[in-house]
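Student: Please put together the full structure from these sequences, using the hints given.
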Amino acid sequence: MATNNIPTADDLERSGFVMRRRILDRAMRVMLFLCAALSVFVTTAIVVILVRESWQFFQQVPLLEFLTGTQWTPVFADAQFGILPLLSATVQVAFLAMIIAIPLGTIMAIYLSEYAPDAVRETMKPALEMLEAVPTVVYGYFALLVMTPFLQKFIPGLAGINLLVPGIILGIMILPYVVSVSEDAMRAVPNSLREGAYALGMSRWQVALRVVVPGALSGITAAYILGMSRAVGETMVLAIAAGQNPNLTLDPREGAATITAYIVQMALGDLPHGSLAYSTIFSTGLVLFLITLLFNVIGFYLRRRFREAY
Amino acid sequence: MAVTTEGNLGSAQDSTAAAVGAINRAKKFDLVFSAAGILVMVIAMALLLSLIGDLVIRGLARIDYEFMNSFPSRRPERAGILSAWVGSLAVMVTTAFLAIPIGVAAGLYLEEYARKGWLSNFIEINVSNLAGVPSIIYGLLALGLFVYGLDFGKTILVAGMTLGLLILPIVIVSTREAVRAIPRVVKEAAYGLGADQWQVMWNYVIPAARPGIMTGSIVGLSRAIGETAPIITIGALTFIAFLPPSPIQSEFPFVSFAWLNENFTVLPIQMFNWISRPQPEFHVNAAATGVVLMALTLSLNGIAIYIRYRLRRQYRN
Chain A
1 MATNNIPTAD DLERSGFVMR RRILDRAMRV MLFLCAALSV FVTTAIVVIL VRESWQFFQQ
61 VPLLEFLTGT QWTPVFADAQ FGILPLLSAT VQVAFLAMII AIPLGTIMAI YLSEYAPDAV
121 RETMKPALEM LEAVPTVVYG YFALLVMTPF LQKFIPGLAG INLLVPGIIL GIMILPYVVS
181 VSEDAMRAVP NSLREGAYAL GMSRWQVALR VVVPGALSGI TAAYILGMSR AVGETMVLAI
241 AAGQNPNLTL DPREGAATIT AYIVQMALGD LPHGSLAYST IFSTGLVLFL ITLLFNVIGF
301 YLRRRFREAY
Chain B
1 MAVTTEGNLG SAQDSTAAAV GAINRAKKFD LVFSAAGILV MVIAMALLLS LIGDLVIRGL
61 ARIDYEFMNS FPSRRPERAG ILSAWVGSLA VMVTTAFLAI PIGVAAGLYL EEYARKGWLS
121 NFIEINVSNL AGVPSIIYGL LALGLFVYGL DFGKTILVAG MTLGLLILPI VIVSTREAVR
181 AIPRVVKEAA YGLGADQWQV MWNYVIPAAR PGIMTGSIVG LSRAIGETAP IITIGALTFI
241 AFLPPSPIQS EFPFVSFAWL NENFTVLPIQ MFNWISRPQP EFHVNAAATG VVLMALTLSL
301 NGIAIYIRYR LRRQYRN
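These protein sequence lines are chains A and B, in that order.
Under this note's numbering, the first residue of the first sequence is numbered 1, with each subsequent residue one higher.
Under this note's numbering, the first residue of the second sequence is numbered 1, with each subsequent residue one higher.
The hints are simulated quantities; they were obtained by calculation from the structure and are not laboratory data.
Keep in mind that the hints are not guaranteed to be accurate.
Heads up, simulated EDC-like pairs for lysine to aspartate or glutamate below, C-alpha to C-alpha not over 20 Å straight-line [unchecked claim]:
{"id": "1", "chain 1": "A", "residue 1": "K153", "chain 2": "B", "residue 2": "D54"}
{"id": "2", "chain 1": "B", "residue 1": "K187", "chain 2": "A", "residue 2": "E195"}
{"id": "3", "chain 1": "A", "residue 1": "K125", "chain 2": "B", "residue 2": "E177"}
{"id": "4", "chain 1": "B", "residue 1": "K27", "chain 2": "A", "residue 2": "E195"}
{"id": "5", "chain 1": "B", "residue 1": "K187", "chain 2": "B", "residue 2": "E112"}
Reference listing, derived: stretches of chain A covered by chain B, where coverage requires no fewer than 3 residues with Cβ under 8 Å from a Cβ of chain B [stated by the list, open to error]:
{"id": "6", "region": "59-68"}
{"id": "7", "region": "87-94"}
{"id": "8", "region": "104-110"}
{"id": "9", "region": "141-153"}
{"id": "10", "region": "224-232"}
Part of the chain A face toward chain B, derived, beta carbon under 10 Å [unchecked claim]:
{"id": "11", "residue": "R29"}
{"id": "12", "residue": "L131"}
{"id": "13", "residue": "P135"}
{"id": "14", "residue": "D184"}
{"id": "15", "residue": "L209"}
{"id": "16", "residue": "I259"}
{"id": "17", "residue": "R304"}
Remember, predicted model here, so these are calculated numbers, not experimental data.
Don't be surprised by glycine CBs; every beta carbon is placed ideally from N, CA and C.
Tutor: This is the structure we're talking about:
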């Protein structure tokens, strides 16, 4: 028996200390695994809920009619369920947003990664992050109550509720995200490539456009695609400033409901759970989910391929 | 240069002149490019700052004691945001209690426990996809699962769970990054002394990763405060003229969780509600709510950035 107070391994075993630790260790391993598996459960739950709740819808409305119909009037007596008006508004707004975000974002990212002095970059990166935190409902306020009245002075025929202004605001909104993802990609291009190009006598813009941008291309593309996915899924700006009337139009000066704005409008109303009109929020939600899922998976693989390249 | 030594002097001068010209053109182009970069940045920043400035000018004067301590009202000058900010606070606390422990646990598992294989790969794709799912889809999930599936009603608890799921990927990703940055020697020393895996996690890995975890959690929470769409989708009421019961009671057992089952409203919903009204007086209220909301999210983000900045300095030394 030990004469001092330090317990031996045998003592610990006998007192159950080792056993208790071992049980705790195993239990925590299982707990942590369950927490990690929750993310898989959430994805599964999203798919199951969307499919189950829109099941009833697709039994009454043929899929072809849903995808090709040009009228969306779910609460009318003569209800029409063609998603094209909602889809066209969603695509137009996302397109407008990308027209703003892609060129501006790319120029800013190249500037920040290749030209800017350290001090500028170190202040701009946190500033961009702060801008990403501005709540979307505030951007909706900007679009409806500040930007639209201002632009109405210059653009004839611009309705108070329109697609143009939310598109522009959305572009500005996703700009910080596009800049920070594509700047990260450009910074990840190894310096040896830049130095090699400089040694061959290239100037800065040549290095930027012929070495860094091609080298970071899959990362930059991922930034565009993930930005687009955000624009498609954005809700509040559109619910506030793009209107709630389904409207199949190609004129961005008119208002038209997007998929997200439609879901918000329906959720605000008092539709009985289980009615056909109610199930439309899940069928349109399913379409939205599938579109963003496609973008997200493409973006994920592009980013990963880019990371593996260096 | 080797070519020009054999040719005549004239062509050498020509090619030098051509090279100098090319260099000058490249320099000029560099200047143009960098000017374009600065210009774009300044325009974008100026536009955003003037929008935010406009909001602050319109809204700031409306914020006073009365505004913070009044319930919403049909009369714009008597309306306030008491129920909204209390609701936001309650929802945020619920979200934090759910999302942070689960997110940290999931991040630890993926980074330290999971063997590289199809399962961890699958979970990783899953997490990155969840980060990109539009927030309104989380609202539909909550509506179908919590509100109608489990019959929880439109309560603070449901809102907290919904936003908790929404920010889970942010907490997971930041935990993983923080854990990855911990030097291997720390863990190996602990294992060498006979610690088991959970002891190493609890005593060394989690404390060392705490700043990174905190940064990610705060960023996630600031996103949760500003989220509107999922909360509208679960059908939260917009006119709430009462407060949830206090969590601290005067009688035993002194704490009560009855507030979790209460209806509620939050700041962004109150703001959305006021924006949608035609009267300009309500728009002033909306601007004031926006100022409060922005002050909250920006200060949270500022704290997060500050924690990360201090952390980075620590590692440099």
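Student: Now tell me, hint by hint, if it's right for this structure.
Tutor: Against the structure, the hints come out as follows:
Our distance criterion of 20 Å between C-alpha atoms is met by A/K153 and B/D54, whose separation comes to about 18 Å. Pair hint B/K187 plus A/E195 does not hold up; C-alpha atoms about 37 Å apart against a cutoff of 20 Å. Taking the CA atoms of A/K125 and B/E177, the gap is about 18 Å. The hint holds against a cut of 20 Å. Taking the CA atoms of B/K27 and A/E195, the gap is near 18 Å; set against the 20 Å cutoff, the hint holds.
Restraint check: the Cα-Cα separation between B/K187 and B/E112 comes to about 11 Å, which is no more than 20 Å; the hinted pair holds. Residues of the region 59-68 of chain A lying with their CB closer than 8 Å to a CB of chain B number 0, which falls below the three-residue condition for coverage. Coverage of the region 87-94 of chain A by chain B is violated. Counting CB-CB distances below 8 Å, 0 residues qualify, and the rule asks for three or more. Counting residues of the region 104-110 of chain A whose CB lies closer than 8 Å to any CB of chain B gives 4, so the stated coverage by that chain holds, three being the minimum.
Closer than 8 Å: that is the beta-carbon criterion, and the region 141-153 of chain A has 6 residues meeting it against chain B, so the requirement of 3 holds. Residues of the region 224-232 of chain A lying with their CB closer than 8 Å to a CB of chain B number 4, which satisfies the three-residue condition for coverage. Nearest Cβ of chain B to the Cβ of A/R29: about 6 Å, under the 10 Å cut. The hint holds. Against a cut-off of 10 Å between C-beta atoms, the interface hint on A/L131 holds, since the closest Cβ of chain B lies about 6 Å away.
Here the hint on A/P135 is kept, as its CB sits about 3 Å from the closest CB of chain B, short of 10 Å. Look at A/D184: its Cβ only gets to about 13 Å from chain B, farther than 10 Å, so that hint breaks. Interface restraint check for A/L209: the shortest CB-CB distance to chain B comes to about 9 Å, inside 10 Å, so the restraint holds. With a least beta-carbon distance of about 9 Å to chain B, the hint placing A/I259 at the interface is held under the 10 Å criterion.
Evaluation of the A/R304 hint against chain B yields a held restraint, the C-beta minimum of about 9 Å falling below 10 Å.
In summary, the numbered hints that this structure violates are 2, 6, 7, 14.
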